[in-house]
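Undergrad: Note that the protein sequences, when read in sequence, are chains A and B. Position in the first sequence (first residue = 1) + 18 = the numbering used here. Each step along the second sequence adds one to the number in the numbering used here, with nothing skipped, and position 110 is 100.
It cannot be assumed that every hint is accurate.
[Claimed, not checked] Quick list of in silico lysine-lysine cross-link-like pairs, BS3-like style, CA-CA up to 30 Å:
#1 B:Lys93 with B:Lys68
#2 A:Lys25 with B:Lys93
#3 B:Lys45 with B:Lys60
#4 B:Lys45 with B:Lys93
#5 A:Lys83 with B:Lys93
#6 A:Lys25 with A:Lys83
Since the hints were made in silico from the structure, they are not lab data.
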Amino acid sequence: SAVISQKPSRDICQRGTSLTIQCQVDSQVTMMFWYRQQPGQSLTLIATANQGSEATYESGFVIDKFPISRPNLTFSTLTVSNMSPEDSSIYLCSVRGLAGEPDTQYFGPGTRLTVL
Amino acid sequence: AQTVTQSQPEMSVQEAETVTLSCTYDTSESDYYLFWYKQPPSRQMILVIRQEAYKQQNATENRFSVNFQKAAKSFSLKISDSQLGDAAMYFCAYRSDNFGNEKLTFGTGTRLTIIP
């Protein structure tokens, strides 16, 4: 399996501001993803982070609101821009394509975001 | 589009007993993967078990086993000898094996309570 870390683990932010969440993996992975889990809900895929190119966003999510970077095979960032209280959620980084485990997807510990 | 249904929002089981969590899915594909993830209060998503659709044999991981019925599109999770540490939200997830459509689709989850 992979060790996935996310920073920050939690934050409380004011509306209108932006927060960047970092995801670091201890091994190179093929694919990295960002999910959102709203309170009491299941996980929803925001986008697939592509190394060296623009992320692939799911319906309902746009780059201006959730810019994503992936400079290499072990690191990605998600920015939540111009935040509103509706953005209060847990944001999870997820990876797939570990050597020896190409089909298994693992998740980071999540970042709990509260927007006031 | 694929959908995953978990019809049991909550389940409870006496410690040391056995419990089965239900999951059904809808797909027109023949090659895919199915997963059960556990999310304890720490919010960390933990992979419990996985099943490849091409395998007829049901997957087993220690006290966890699945009943995979491909024709019925059913994928239930059985937890034997339930322990207090099994208390968590359990999510069933589907992933296509088709290139370009490989995102995880989650069910709405089942909250499992273990009664001492």
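Undergrad: What's the verdict on Lys45 (chain B) and Lys93 (chain B), does the C-alpha distance respect the 30 Å limit or exceed it?
TA: Within the cut-off at roughly 21 Å; holds.
Undergrad: Take a quick look at whether Lys45 (chain B) and Lys60 (chain B) sit within 30 Å of each other, Cα to Cα.
TA: Roughly 10 Å separates the two Cα atoms, so the pair holds.
Undergrad: Given the hinted pair Lys93 (chain B) and Lys68 (chain B), is their alpha-carbon gap at most 30 Å?
TA: With a Cα-Cα distance of about 25 Å, the restraint between Lys93 (chain B) and Lys68 (chain B) holds, given a limit of 30 Å.
Undergrad: Need the status of pair Lys25 (chain A), Lys83 (chain A): alpha-carbon distance at most 30 Å?
TA: holds (19 Å)
Undergrad: Is Lys25 (chain A) within 30 Å of Lys93 (chain B), Cα to Cα?
TA: holds (24 Å)
Undergrad: Given the hint that Lys83 (chain A) pairs with Lys93 (chain B), does the C-alpha gap stay at or below 30 Å?
TA: holds (21 Å)
Checked against the numbered hints given earlier, the structure satisfies every one of them.
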